[in-house]
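Could you build the full structure based on these sequences and the hints that come with them?
Same order as they appear, the protein sequences are chains A and B.
If you count by my numbering, then the first sequence holds residues 1 to 277, one letter each, in order.
If you count by my numbering, then the second sequence holds residues 1001 to 1366, one letter each, in order.
For the record, the hints were derived by calculation from the structure and aren't laboratory data.
Since this is a predicted model, take the numbers as computed values, not measurements.
C-beta atoms are modelled at their ideal positions from N, C-alpha and C, and glycine is treated no differently.
One thing to keep in mind: the hints can contain errors.
As the list claims (entries may be wrong) - As a list, the in silico DSS-like pairs of lysine-lysine whose alpha-carbon atoms are at most 30 Å apart:
hint	chain 1	residue 1	chain 2	residue 2
1	B	1113	B	1065
2	B	1269	A	195
3	A	169	B	1245
4	B	1020	A	169
5	B	1269	B	1245
6	A	195	B	1107
7	B	1074	A	165
Stated by the list, open to error - Here are a few chain B residues that sit away from chain A, every Cβ distance over 12 Å (derived from the structure):
hint	residue
8	1005
9	1014
10	1052
11	1093
12	1098
13	1111
14	1147
15	1181
16	1183
To be verified - Cβ-to-Cβ under 10 Å is the rule here; a few derived chain A residues that face chain B:
hint	residue
17	172
18	177
19	180
20	189
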Amino acid sequence: MLTLKQTRQLRTFLLGSLAWIVALLVFFPIFWMLLTSFKTELDAFSSPPQLFFTPTFENYIQVDSRSNYFHYAMNSVVVSFGATFLGMLLAIPAAYSMAFFETKRTKGTLLWMLSTKMLPPVGVLVPIYLIFKDVGLLDTRTGLILIYTLINLPIMVWMLYTYFKEIPKDILEAARLDGATPMQEILRVLLPISKGGIASTLLLSLILCWNEAFWSLNLTASSAAPLTALVASYSSPEGLFWAKLSAVSTLACAPILIFGWFSQKQLVRGLSFGAVK
Amino acid sequence: MSDLTIKNLKKVFEGLEIIKGIDLDIRDHEFVVFVGPSGCGKSTLLRLIAGLEEVTSGHIYLDDKEITDIAPAKRDLAMVFQTYALYPHMTVRKNMSFALDLAGIDKKEVEAKVNEAARILELEPLLERKPKALSGGQRQRVAIGRAIVRHPKIFLFDEPLSNLDAALRVQMRLELARLHQELNATMIYVTHDQVEAMTLADKVVVLNAGRVEQVGSPLTLYHHPVNRFVAGFIGTPKMGFLKAKVESVNAGGVLVSLSCGHQVEIAVKGEHLQRGSRVTLGVRPEHLRITAASDSTFKAKLTVSEHLGADTFCYVETADQEVLTVRAAGHFQMKFGSDIGLELDVQQCHLFDDQDRTLARITTPL
Chain A
1 MLTLKQTRQL RTFLLGSLAW IVALLVFFPI FWMLLTSFKT ELDAFSSPPQ LFFTPTFENY
61 IQVDSRSNYF HYAMNSVVVS FGATFLGMLL AIPAAYSMAF FETKRTKGTL LWMLSTKMLP
121 PVGVLVPIYL IFKDVGLLDT RTGLILIYTL INLPIMVWML YTYFKEIPKD ILEAARLDGA
181 TPMQEILRVL LPISKGGIAS TLLLSLILCW NEAFWSLNLT ASSAAPLTAL VASYSSPEGL
241 FWAKLSAVST LACAPILIFG WFSQKQLVRG LSFGAVK
Chain B
1001 MSDLTIKNLK KVFEGLEIIK GIDLDIRDHE FVVFVGPSGC GKSTLLRLIA GLEEVTSGHI
1061 YLDDKEITDI APAKRDLAMV FQTYALYPHM TVRKNMSFAL DLAGIDKKEV EAKVNEAARI
1121 LELEPLLERK PKALSGGQRQ RVAIGRAIVR HPKIFLFDEP LSNLDAALRV QMRLELARLH
1181 QELNATMIYV THDQVEAMTL ADKVVVLNAG RVEQVGSPLT LYHHPVNRFV AGFIGTPKMG
1241 FLKAKVESVN AGGVLVSLSC GHQVEIAVKG EHLQRGSRVT LGVRPEHLRI TAASDSTFKA
1301 KLTVSEHLGA DTFCYVETAD QEVLTVRAAG HFQMKFGSDI GLELDVQQCH LFDDQDRTLA
1361 RITTPL
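Below you can see the structure in the form of structure tokens.
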């Protein structure tokens, strides 16, 4: 028979172990990718897989000499930040009006917006490709920014709507009585109060844009190609080279991983700000 | 000057009429309280005045200027919300100066006004704190301060004390009364608590189901309610009601018999009443007296009594299962379930016709 204290300790231990298992499962592919990127192509292929080997920077040197990493990285940065910024510009007013001036049709509109995410992107590839070709947006950063903004907008509006819903309507009404225009209401009251939610939405949008591959592979060739396109370029023509592919993938993931890790602390602080009442 | 006139105001929300044509005049410097049960439309009426809700039809005038469709910020009104609605990311000082900053008022002037409001509300030591670090009462004072700095024509209060605990509520109530004196401002105050209404108001507006039932001074409402709703709503504990039947109508009043057979004559005008018609007799707890069962033909049973120290409220049940409250002296003691007699102060009783309208008194009671 366990005492109450022992039960509690056991529960803490079990829950802790579970968390560790889940965390390791999630982390394992990234860990394996990182490991493989330091192996020789031979080691990378060996079966059973090797955990201990002589690390080499060969793959990174090869990737650096074969392709202009910074060109792709710059495209990724411009496109991700551009699309996130544009998306926020549209999503904030949309979520504001939906959260604070709700009508009978608001819920329906939200659901309809989300339903566009259920359509497989490939279903609209041909029309969008043709439109992009006609208006000269193929292989341009502007084109990618536009398409990324559009595909992420429903999620951004949903997220912001959920965060805004948590804010008491009274606070905005007080601002309105205090003489704030809708713009001042959003900029000086709503956004500072919901900065945790804004930060999470920003981060999610950045990550989604950064990792997006379907549209970037289909709509860009070289001049606007982001890192995902660079990674893909290592997979086909000469067969699969796992070690080099891992190296380039690591390089592609690294910036957003580091950025996410840094902003996570901000994020947690932002989220725990919550004490509104 | 700040006179507010409301003409035939209506508000329909999703096909439901919430405000059903209200006419109201509020004079300069008046402290007006909107009171009524929940869902009566009192908060909606306040929000219509503030401009936070759109008017369906009717007009609102502030000093002869129509404000019905003007933006809330341009109405020159300030509102204190039930939830305080402080800006959580701003200090107390910023909270109070926000409206003035938006209006582009000179920094020195803003500071002077904020300091003045802080002095009146004793908020000076808290000016650099954020709302999170304040107690409920302090937050409420900041919310009031935010209204004061603007020198609005009318202050609007939406149940400002209902989030405070009982002791603080009494204290803030007194503070509000003092503030009204000190600022000499027009105030409109919404509450469901009729004690707040009675103690604060110059004029009480009793609302029920989107209509004004009666407008008058607290004591007018207490002594001369126009109908059974107002009679039952104003006064704690509530007025008791007894079914009665008209026996005869004469110059001196109306003679009615209660269901127990006890007969009383009430000095009210009842020309339109027929012998035998149904009426309701209303009597407040303070106008009933408990006697020995043998001393009265109006008999009842004591069910519960609440000892409050100065008073004892006795809940009694008549033979017809009608429940009345009797206010007795603090030292009153009697076993539950005892048979008692009741004595009515007929001078103070009210009589309501079958439409629940109050019958006018022949002589005003002293």
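Results for each hint:
no.	hint	verdict
1	B:1113 / B:1065	holds, 27 Å
2	B:1269 / A:195	violated, 67 Å
3	A:169 / B:1245	violated, 52 Å
4	B:1020 / A:169	holds, 25 Å
5	B:1269 / B:1245	holds, 15 Å
6	A:195 / B:1107	holds, 28 Å
7	B:1074 / A:165	holds, 27 Å
8	1005	holds, 20 Å
9	1014	violated, 8 Å
10	1052	violated, 5 Å
11	1093	holds, 14 Å
12	1098	violated, 5 Å
13	1111	holds, 17 Å
14	1147	violated, 9 Å
15	1181	holds, 24 Å
16	1183	holds, 18 Å
17	172	holds, 8 Å
18	177	holds, 5 Å
19	180	holds, 6 Å
20	189	holds, 6 Å
Hints 2, 3, 9, 10, 12, 14, counting from the list given before, are not met by this structure.
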